[in-house]
Amino acid sequence: MELIHLAFYLGLIIFLVIVFAKAIKIATAPVHLRWELYPVAHEKGKAHYGGSYLEEFEWWTKPLQKNLLGEVWTMFQEIVFLKGVWEHNRSLWFGSAPFHYALYLYVVFTILTLLSLIFGLTPTIEGFSNHSIIKFLNVLLWISSIFGIIGAIVLFLKRIFDSNLKLYSNASHYFNILLIGALYVTSFIWLLSSENTIQEIFGFYLGVFSFSQIPSLPIVGYIHFYLLSFFLFYLPFTHMTHFFMKYFTYHKVRWDDEPNLPGSKFRKKLMEQLNFPVQWSAPHIGADGTKTWLIIASSPLPTKEKKNG
Amino acid sequence: MPMFEWNEIKIEVDEDGFMANPEEWNERVALALASTEGITELTPDHWKVINYLRDYYKQYGIAPMIRKLCKETGFTLKQIYDLFPSGPAKGACKVAGLAKPTGCV
Amino acid sequence: MAEKRKIKITDISNPNLQPLVEVAPTNTIELPPPYDKLEDLPGFKKLSEATRQSVDDSLDGVVAIGVPKPKTPEEEQELVEKFISGLIKLFSKENNWTFLQPLVLTMEHCAKCQTCSEECPIFEASGYEEIYRPTYRAEILRRLYFKYVKPGSPLLKKFQVGDIDLNWTLISRLVELAYRCTICRRCAQACPIGIDNGLITHELRKLFSQEMGIAAKEIHDKGTVQHLLVGSSTGMTPEVVKDNVSFIDEDLSERLGIKVESKWDIEGADYLVLHNAGEFLSWPENPAAFAILLDAAGIKWTYSSELLGYDGVNYGVWYDDFQFSRIAMRHFEIAKKLGVKGIIMGECGHESKSMAIIAERIFGNEIKTINTMSLIEHIVFSGKIKFDPERNNFPVTLHDPCNIVRLMGIVQPQRRVLRFLAPKFREMEPHGVENYCCGGGSGFAVMTPYNFLDWRIHISGRKKFKQILDAFKDEPPGPEVPKYVCAPCSNCKGQIRDILDYYGAKEKSGIYYGGLVELVVNAMADLKEPFIDFSMM
Chain A
1 MELIHLAFYL
11 GLIIFLVIVF
21 AKAIKIATAP
31 VHLRWELYPV
41 AHEKGKAHYG
51 GSYLEEFEWW
61 TKPLQKNLLG
71 EVWTMFQEIV
81 FLKGVWEHNR
91 SLWFGSAPFH
101 YALYLYVVFT
111 ILTLLSLIFG
121 LTPTIEGFSN
131 HSIIKFLNVL
141 LWISSIFGII
151 GAIVLFLKRI
161 FDSNLKLYSN
171 ASHYFNILLI
181 GALYVTSFIW
191 LLSSENTIQE
201 IFGFYLGVFS
211 FSQIPSLPIV
221 GYIHFYLLSF
231 FLFYLPFTHM
241 THFFMKYFTY
251 HKVRWDDEPN
261 LPGSKFRKKL
271 MEQLNFPVQW
281 SAPHIGADGT
291 KTWLIIASSP
301 LPTKEKKNG
Chain B
1 MPMFEWNEIK
11 IEVDEDGFMA
21 NPEEWNERVA
31 LALASTEGIT
41 ELTPDHWKVI
51 NYLRDYYKQY
61 GIAPMIRKLC
71 KETGFTLKQI
81 YDLFPSGPAK
91 GACKVAGLAK
101 PTGCV
Chain C
1 MAEKRKIKIT
11 DISNPNLQPL
21 VEVAPTNTIE
31 LPPPYDKLED
41 LPGFKKLSEA
51 TRQSVDDSLD
61 GVVAIGVPKP
71 KTPEEEQELV
81 EKFISGLIKL
91 FSKENNWTFL
101 QPLVLTMEHC
111 AKCQTCSEEC
121 PIFEASGYEE
131 IYRPTYRAEI
141 LRRLYFKYVK
151 PGSPLLKKFQ
161 VGDIDLNWTL
171 ISRLVELAYR
181 CTICRRCAQA
191 CPIGIDNGLI
201 THELRKLFSQ
211 EMGIAAKEIH
221 DKGTVQHLLV
231 GSSTGMTPEV
241 VKDNVSFIDE
251 DLSERLGIKV
261 ESKWDIEGAD
271 YLVLHNAGEF
281 LSWPENPAAF
291 AILLDAAGIK
301 WTYSSELLGY
311 DGVNYGVWYD
321 DFQFSRIAMR
331 HFEIAKKLGV
341 KGIIMGECGH
351 ESKSMAIIAE
361 RIFGNEIKTI
371 NTMSLIEHIV
381 FSGKIKFDPE
391 RNNFPVTLHD
401 PCNIVRLMGI
411 VQPQRRVLRF
421 LAPKFREMEP
431 HGVENYCCGG
441 GSGFAVMTPY
451 NFLDWRIHIS
461 GRKKFKQILD
471 AFKDEPPGPE
481 VPKYVCAPCS
491 NCKGQIRDIL
501 DYYGAKEKSG
511 IYYGGLVELV
521 VNAMADLKEP
531 FIDFSMM
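Residue numbers (the working numbering), protein chains in the order written: chain A, 1 to 309; chain B, 1 to 105; chain C, 1 to 537.
Treat the hints as calculated values from the structure; they're not laboratory data.
Check the hints yourself; a few may be wrong.
SDA-like, lysine to any residue: derived pairs with alpha carbons at most 25 Å apart [unchecked claim]:
#, chain 1, residue 1, chain 2, residue 2
1, C, LYS300, C, GLU261
2, C, LYS6, A, PHE161
3, A, LYS62, C, LYS112
4, C, LYS337, A, LEU117
5, C, LYS336, A, LEU261
6, C, LYS336, A, HIS239
7, C, LYS466, C, THR26
8, C, LYS112, A, LEU103
9, A, LYS62, C, THR26
10, C, LYS242, B, ILE39
11, C, LYS242, C, GLU261
12, A, LYS135, A, LEU117
13, C, LYS341, A, PRO262
14, C, LYS150, A, ALA27
15, B, LYS68, C, GLY383
16, C, LYS341, A, PHE57
17, C, LYS466, C, THR28
18, C, LYS386, C, ASN365
19, C, LYS157, A, TRP59
20, C, LYS158, A, PHE161
21, C, LYS150, A, PHE233
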């Protein structure tokens, strides 16, 4: 075991554990009040103009139909084309798009690498470098690195020179871009400086996942994987967790138009919440720390509160 | 609350210039408040509107509907605007010493 | 215009900047003639010295709330402590389960890409004043949340989101800043990540109201409190409202030569009709038109004369979960007691949304609410009533109330009705779920204190005025052709009235405004007299 093993395990474990814990925490947050925002992508036949089932006279007499494909298609456009940024913030798109594409490609590259290893395409087999999958992965990593570097440069410059972004950029923003940029710079240099980059990467993953020795890597390779380990460790603590939290902002808030029908799945939970004790201190609330939310909401105004005028 | 002074008159008004204590209203106060609306003289027509508003206010505690005001005084809405340039609610009610209308009106 | 001072996030707590920014009318959104000359208009009303002594105007020289200035350092300290305790409650599930999940999502995941900025009509109309940027307010709350609520190393948190000093200056300015956004949520619509900066406004207002007892007096004291105690935010008691409604009935019956008859507390009626009580006082044609239309369609309906039963507003939705729930619950209870199968909501955006989706999640939907748009469409195309669309032969455009359209997804019914009954109907641009707020949203339309009216005409309302003017640009510009802005929401009507009055647009351009149901009744072929009388508007 080398130090890089430990670094990578630590990064990966922290990443998985924290992401999982955060997802659980937000998924089990209290049922909130409806606050949807149209267009709601699953409204059948109406999503394209932002309509809802509430357009139907006595909607409750008709079946509620959800078009889940609409959600998939909207998310697809959002993830693949960065549609929102394209429509509302075009100049940023030219930085944001390569930056995100690079990440997607890198993830795809890594998944394919692991799958190849699982299916026995180990770096020691004969003709490894000539295998079409390896050639493909090589191209993938090139594109990912180049996109990543371009994206990071554009975003970094925009954060510095665009007054819209500058004011709201903290140390962490610059750091994040530089960190991710450095990942691609190292993979780029690695590709440039070694004939066998993909093979070396395969060697690394084979080593870490079989808990065995990693064939020696060039220095830039070590730097790359230390950076990657750190990135995995660091990511769950940043706003970049939007990569999975977006599921909640869209599906659980923006598109949450679930009516409160008898038997609906959140009713039980809601009942518990209505019995939460309330502590707000403004006199008109009339809370004392023991009265429940429902009791307060169903009581008249505390008598102290006089009509003012 | 801000004080509003005009000649010998000194009254408390709210942030919209309406009387804070409508019970202090009298005819001199009306003239004083009218001056804030760019009205220099209160004619019998003005008084007709003011008196109606006051009577209604005394009875019901709020300002009457604009339509009712027009019908009962015999003025059109335009005539009311001619008399009170900021209109019945913001102008006439203020001069008549009513509290500012509330709600989505 | 002079180069603007660059504002930093942390400037919000700098008491030496008086005010933080100087706001004035701008021409960023250019209006067509004769409304194009800023110099022809009075600027913002100057606050008197006495006012400036007593309330804080240090955000932008505008006062909507008027937080009283604390007199001693101890008083200041107390406010700061209260604010922190409120902040902690805002992020606790017991106190704020109602919005905790969306709030935390917004706090933790904003990438600060500013994709939302361009979508805000207030930010644009102000000449891009930094403090009005949708992310500015959110960023302040975010830094406070990281500093005072979220666990973790202070150093790391500073690295992540930066620091901010919490003092009375910040709190007082943040109170005002919570009333510089109409919660139209166009910003949220543009966000690729799903962050909602409009929600931040809502949550800040709640913190101030629920913990510190600070809210706009038109919305709280004269609004929800008066509503709960007297029965209506207008101050109308049951006796007054009945008297007014019978006056409306008589007046309209006389003018139209038909019997307009409102019904009160009818047992066995199918629907309770719940109007925004402001309609009875300021736009009586609207409830009258409803009465005519519902009767013509053979619907069995009734008004309720119980306290709150005749005022379908719920200002709580803008600033206070508890006031909100108290009012919504009363409305449901009244309907239940009457034994109706549902509530027909009048043309009031915030109440339609409050009842149909927000309160529905709390109280269930045993009592159904029927929104005006789908009801009117249902009646118009039911074949029960004969229409003559030529009666609406004047230019009509449609304003989309945010609450009904972007926030409820009710887009097409009103359009199908207008395309059928208003031959000269044309859209504003943009429209539908991408509409712009009237500028009076989240309670602004009922707020006129100090110089706030100037702000909401010039800053929050300017985009809408421009849209209205553009919609009629192909028509003769003068007042000879009446032009009708159909705004099916009381709040929007109030704001549009104030804008049109301010610019004299009725006199100069013949622009009138009203609801949807008036146009429908105006097109009823059996009415001898036209329902809409422009000379009375």
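How the hints compare with the structure:
1. C:LYS300 to C:GLU261: Holds, at roughly 12 Å.
2. C:LYS6 to A:PHE161: holds (14 Å)
3. A:LYS62 to C:LYS112: violated (42 Å)
4. C:LYS337 to A:LEU117: violated (70 Å)
5. C:LYS336 to A:LEU261: Roughly 17 Å separates the two Cα atoms, so the pair holds.
6. C:LYS336 to A:HIS239: violated (46 Å)
7. C:LYS466 to C:THR26: holds (13 Å)
8. C:LYS112 to A:LEU103: holds (19 Å)
9. A:LYS62 to C:THR26: violated (50 Å)
10. C:LYS242 to B:ILE39: violated (35 Å)
11. C:LYS242 to C:GLU261: holds (12 Å)
12. A:LYS135 to A:LEU117: holds (15 Å)
13. C:LYS341 to A:PRO262: With Cα atoms ~17 Å apart, C:LYS341 and A:PRO262 stay inside 25 Å; holds.
14. C:LYS150 to A:ALA27: holds (18 Å)
15. B:LYS68 to C:GLY383: Roughly 35 Å between the alpha carbons, so the hint for B:LYS68 and C:GLY383 is violated.
16. C:LYS341 to A:PHE57: Since the Cα atoms of C:LYS341 and A:PHE57 sit roughly 14 Å apart, the hinted pair holds (cutoff 25 Å).
17. C:LYS466 to C:THR28: holds (11 Å)
18. C:LYS386 to C:ASN365: violated (34 Å)
19. C:LYS157 to A:TRP59: violated (48 Å)
20. C:LYS158 to A:PHE161: Holds. C:LYS158 to A:PHE161 sits at ~22 Å (cutoff 25 Å).
21. C:LYS150 to A:PHE233: Holds, at roughly 20 Å.
Checked against the numbered hints above, the structure breaks hints 3, 4, 6, 9, 10, 15, 18, 19 and satisfies the rest.
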